[in-house]
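Assemble the whole structure, with the sequences as input and the hints as a guide.
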Amino acid sequence: MTRASQSAGQLPHIAIIPAPFDWGASRRGASHGPQAILLSGLERKLQNLGLSYVVESPDYLPDVSLDHRSEQHLRYWGKIAAVNEAIAQKTAQAAAAGQFPLLLGGDHSIAIGSVAGAARGRRRLGVLWIDAHGDLNTPGTTPSGNIHGMSLACSLGHGDSRLTSIGGSYPKVQADRTVIVGARELDEGERQLIRSEGIHCFTMHDIDRRGMAAVMDEAIAIVSDGTDGVHLSFDIDSVDPGEAPGTGTKVRGGLMYRETHLAMEMLAESGIVTSADVVEVNPQLDNGHRTARLAVELIASLLGERIL
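Residue 356 in our numbering sits at position 211 of the sequence shown; the count goes up by one each step and never skips.
Hint data in this document are derived by calculation from the structure and do not stem from the laboratory.
One thing to keep in mind: the hints can contain errors.
Stated by the list, open to error - Restraint-style ranges between C-beta atoms, simulated for each label pair: (1) Y402 / R214: 28 to 36 Å; (2) R397 / Q429: 16 to 24 Å; (3) S210 / R340: 21 to 29 Å; (4) R340 / G371: 46 to 54 Å; (5) R214 / R189: 37 to 45 Å; (6) H350 / G195: 35 to 43 Å.
Ideal Cβ placement from N, Cα and C applies to all residues, glycine included.
Written out as structure tokens, the structure is:
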């Protein structure tokens, strides 16, 4: 483990938890995301901010190389279940120790575990899901069988019990305390679940019409209303691929550079975020580590870096 010598600022001690796993996606490569983010200067950023942190070893993850449990509409569910149980435990341990768990993915299936772990010590967790996609599919609605498109549904208690039960009883979060920001590619089953559950979803259309500041003001108000903590799940594909090419499920027309930084800066100002994951950075698809460096910048903004 690597430790910073600086004393903690306003934020608690940060536990950086790598989650190098990519079997939830159709393309390999996101498992190298944590290392790419760290090598792009994350520790130096935290040191410059005067934050106390620890970089955990990924050795907490089980070896799932021989786990071949898989189904057509639930691809590699065995690997994903085993890894996310470990992620949930690691996240919960960090939170129980008074730390700020910061998970580095990995594909978005790792959020099944990070949300479960963040929810373990909290009765009313809010979840802010910044993503181009809803990740609200289930085995009955998925067009691909890829579980990274089911992670939010699992956290809400929808889907296969082998996944929804990860980290304890389910659901981990309620729909009225869940907000999606930046959606621009939703499957029909996801649209139906958003409507039936009353999930707050701000699409790119909403951001275009209202502006990022107004959308984030409302999102922050919703996820912090009556909650005792907020987990941010940030998918780098929420950003337009012109800014973040190194990700596996690109969708044109996403958040621009300053819009994304503004969202992180507003979250830092609000002080509501108690844990986070940053996922889907795939250095094999990147252009000169551009996406990994952007991830570092956005994490810094979330943790308090300012222009002035």
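Evaluated hints:
1. Y402 / R214: 28 to 36 Å: violated (41 Å)
2. R397 / Q429: 16 to 24 Å: Roughly 21 Å apart at Cβ, these two residues keep to the hinted range, so it holds.
3. S210 / R340: 21 to 29 Å: Cβ of S210 to Cβ of R340: about 41 Å, so the range 21 to 29 Å is violated.
4. R340 / G371: 46 to 54 Å: violated (23 Å)
5. R214 / R189: 37 to 45 Å: holds (40 Å)
6. H350 / G195: 35 to 43 Å: Because 39 Å falls inside the window, the suggested range holds.
Checked against the numbered hints given earlier, the structure breaks hints 1, 3, 4 and satisfies all the rest.
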